[in-house]
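Undergrad: Chain by chain, the residues run as shown.
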Amino acid sequence: MKLIRRQNADLWNWSPVEQFSTLREEINRLFDSPFGDWTRRTELFNGWTPALDLYEDKENLIVKAELPGMKREEIEISVYDGTLSISGERKYEEKNQDAEPYRSERFWGRFHRTLALPKPVQSDKAKATYKDGILTVTLPKTEEAKPKQIEVNVS
Amino acid sequence: MTTVANVESRGPQTNNATANERGYLVPHVNIIETKDSFLLEAEMPGVSKEGLEVLLEGNELTIVGRRKTGVPGAGPVYRESSPRDFRREFVLDPSIDTSKLSATIDQGVLTLTLPKTEKVKPRRIQVTD
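Quick note, the sequences are listed as chains F and C, same order.
First residue of the first sequence? That's 1 in the working numbering, and the numbers climb one at a time after it.
First residue of the second sequence? That's 1 in the working numbering, and the numbers climb one at a time after it.
Among these hints, one or two may not hold up.
Some chain F residues judged to face chain C by a derived CB distance under 8 Å, without partners named [as the list claims (entries may be wrong)]: (1) Asp57; (2) Glu105; (3) Gly133; (4) Ile134.
Lysine to any residue pairs mimicking SDA-like chemistry, simulated, CA-CA at most 20 Å apart [what the hints assert, rightly or not]: (5) F:Lys125 to C:Val71; (6) C:Lys49 to F:Thr129; (7) C:Lys100 to C:Val71; (8) F:Lys71 to F:Ser87; (9) F:Lys131 to C:Glu118; (10) C:Lys35 to F:Tyr102; (11) C:Lys35 to F:Glu100; (12) C:Lys68 to F:Lys91; (13) F:Lys91 to F:Pro118; (14) C:Lys49 to C:Glu118; (15) F:Lys71 to F:Arg110; (16) F:Lys131 to C:Glu53; (17) C:Lys68 to F:Ala145; (18) F:Lys148 to F:Lys71; (19) F:Lys125 to F:Tyr80.
To be clear, the hints were calculated from the coordinates, so they are not data collected in a lab.
As the structure is a computational prediction, the values presented were derived from the model and not from experiment.
Ideal placement from N, C-alpha and C gives every residue a C-beta, glycine not left out.
Working from the sequences, and respecting the hints, build out all of it.
TA: Here it is as structure tokens:
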């Protein structure tokens, strides 16, 4: 598991042109393939969107993501310009060569979630843990963002 | 052959949120068959070993995963996950040796090994003269 503070805005470095051409190729291939085949083209529907929760206490913003069955090194977290980005890939495990699938409901492949943080955070002090398939990212708020009690002296 | 059949549509324990306030989520499940056994994987994020219950009644297998959600002392700002627990039922084929089930849970994924009875396992028969 890596926690990266990005220096450049490479959140947006995907190319829309490339995405569309891939999509068009997919659609073309869809019409080429026999009818019974298209349901197995899971790459068209590989949208895995793990659930994200955001919590806040006095000191921190806390983000939790449901990522069952991942390896720590497959999860990448970055904070840049008030945006938290969590991405990774769950690889299909070939458990047994002679295994026959009966039921297949779990998602495999890449996911990428971004979340605009509602308060400024000290990204260099961010911490992440991964337990029971839940990723928890703790982001301490900047001093300015913390609630303060101001004492007013009445003379 | 429906060896590990689903019965989630049967009975009151369904994923119908309106039917029951304490409704359960139905975990995503993969089932594969190998030579000696069936492997069942169920996704239950947030469930630890302590919150896991695997019940066997005759040939009915029920898996329940209880979990704590939220963050103590912190308020939710935005929430996509469900606070519900997981539950799902299966009917096991008689070819499964129910006395030899084993279960492990790792990073929110339950893996159940359901061995086949000796009878149905493929075997080589020695030819004698």
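Undergrad: Please flag the earlier hints that this structure goes against, numbers listed from lowest up.
TA: Structure breaks hints 7, 9, 12, 13, 14, 17 and 18.
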